[in-house]
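Enquirer: Below, each chain spelled out in residue letters.
Number of protein chains: 2
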Amino acid sequence: MTRKVSIALDAMGGDIGPAVVIPGAAIALERHPDALFVIHGHEAECLPLLDKYPALKAVTTFHHADVAVKMDDKPSVALRQGRWKSSMWRALEAVKKGEADVAVSAGNTGALMAMAKFCLRTMAQVDRPAIAAIWPTLRGESIVLDVGATIGADARHLVDLAIMGSAMARVVFGIEKPSVGLLNVGVEEIKGVEEVKTAGRMLREGGFPHLAYEGFVEGDDIGKGTVDVVVTEGFAGNIALKTAEGTAKQLAAYLRAAMSRTLMAKIGYLFAKGAFDALRDKMDPRKVNGGVFLGLEGIVIKSHGGADATGFATAIDIAYDMVRHDLMAKIRDSLEASFRGPNPDVAAAGPETLP
Amino acid sequence: MTRKVSIALDAMGGDIGPAVVIPGAAIALERHPDALFVIHGHEAECLPLLDKYPALKAVTTFHHADVAVKMDDKPSVALRQGRWKSSMWRALEAVKKGEADVAVSAGNTGALMAMAKFCLRTMAQVDRPAIAAIWPTLRGESIVLDVGATIGADARHLVDLAIMGSAMARVVFGIEKPSVGLLNVGVEEIKGVEEVKTAGRMLREGGFPHLAYEGFVEGDDIGKGTVDVVVTEGFAGNIALKTAEGTAKQLAAYLRAAMSRTLMAKIGYLFAKGAFDALRDKMDPRKVNGGVFLGLEGIVIKSHGGADATGFATAIDIAYDMVRHDLMAKIRDSLEASFRGPNPDVAAAGPETLP
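So the protein lines, in turn, are chains A and B. Residue 1 is where the first sequence starts when you use our numbering, and the numbers rise one by one after that. Residue 1001 is where the second sequence starts when you use our numbering, and the numbers rise one by one after that.
Hints in this document: simulated from the structure, not taken from any laboratory. Just so it is clear, CB atoms sit at the ideal spot from N, CA and C, and this is done for glycine as well. Hints are not guaranteed to be accurate.
Claimed, not checked - Computed spacing ranges between beta-carbons, pair by pair: (1) A:Q81 with B:R1121: 47 to 57 angstroms; (2) B:T1262 with A:R261: 19 to 29 angstroms; (3) B:F1216 with A:L263: 15 to 25 angstroms; (4) B:R1139 with A:E30: 39 to 49 angstroms; (5) B:R1280 with A:G152: 32 to 42 angstroms; (6) B:G1274 with A:R80: 18 to 28 angstroms.
So that you can see chain A by itself, here it is in the shape it has in the complex (with noise of 0.2 angstroms):
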């Protein structure tokens, strides 16, 4: 028998809250029985939500919780208030404790990752954790990664990318070898800055035996789904899922506009209403809700603060799979099997003590 999922929850975390992360974890205990529960919040909103799902409390441990960090609290003060007592602290702390195998919250990303890295520590191997995005494509799905966890990145930061990105990929595509492109601009010679051009060359020079490098991509190849992994560094990577994300919404806005103008399309709306329900189905953000935080001692999982239930359920979704196909011990392998030798930003700087 398959040792059980056990998921540590921030309940306080998110727009809503509670009422939204006990309902989206019944719907994921549905899809997946062999999950428990570690829900971290205010006893007086949680449990009478909680005596609404019996099957979900009876996989639950509850633990109260006096604080709960805010969505527009800055890092450093939610780190003040929230250590050691915040509802969002004490799930990360279930993850460090071994008393669960993933933590999951939609409350505000900064403070997570900044608790994330006090609590569970950045992997010795990495210089700095990241965020990685699930992204639909016309292939089906691609990680992208860094979203959004650090701003700027050094050629070996890249490089870290690339392994953890493909460590994830392995997980959640069940591929061998998934393929690696490097984000960058379309224009020749003056094709991005120098440290996409040092990782590229790392990457190509080999040593990396769980991953297929396959040279830079371009923004609009995230969307064809030219590579498995798309690596960038975390501002760009941030404003290309914004906008993507962006762009969808447009589309829709102009296709709803486009389908109610006449009567003509209401009538042909009628008629097609199920291909639309397909497609808006196949463009529901709520399905592809859940950045994963990479580099980390622990697996953390981001909702959408704005997610609800469905959304926050996905969340919970790609936490299971993170742990059930052990994504720590592939980012562990991957690390330890790539050759990736001295940090070229170090080594062009020279030993200091030469004069």
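Assemble chain B onto chain A, guided by the hints.
Expert: Just chain B now, kept in the frame of chain A:
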């Protein structure tokens, strides 16, 4: 009587060359009967085509050019082989000599920018040129710059982009004080790089009579049309532009697939065909074809290399509007009216001669 607008064309640029450029000019001439053309290209290819469009031929001065810059020429190669004698160079030179008011090319971006800098020179008041895109939004259109002229931007360059972009917005949208936002990422405290913060401070502190600075915007604000002008560094801007293009193509493919999947959907499509045609028209990338080079001593418009005659005509439309509404004068006005103070990057470094 208003002065005619003289437009120099590089007939050899783009994937197709004269067979797109010349019919494109003929389309644009119908919309702008007071346009004159100065066409540079290979006579064996161009003259037979020109004969097919007598109205265009009547307002065209044709010049033979031996050399055509290739779409995959590196900028350095294009400069070495194409300076003085290529159709691309000659079109730019026509602007420099005052024979034309604006140059339009579908040739490769890197080569065109390199030649434009060499031939026309960067304006004395700005450090570096930029490429601005007209971006369709839910509110109408916005201007986004820089979408790939240069990589990396200090605060001063971001402020220059705000000034030049808002001057262009005055031309394109006919408003006196366009709203301007700085593209940033939405994670508190790690909010963006230092340059973006410094540029925000400079823009907020004022002294820019021709723009209304609105603060930071995120990727999804572009499609919403939150501001008239979105300012960003060229790497992130290029990735945002390409990612949005990719997302739009992806959703169009989803829609096509959905509408052909079932008989009911096909019937619905027939009823709603008018609406779909209007939607396709709205999403037609040919309607927003034309990147505007800003910060040079002359106006240059870059058409997509893969544009057809309709798309190339749109690039000519933009060129025409920029001349007719005097983009160069508006940029100069805005630069002169803007108190920008000393370059903070230089100021921060301190005077070099002091100990």
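Enquirer: Please list, smallest to largest, the hint numbers that this structure does not respect.
Expert: 3, 6
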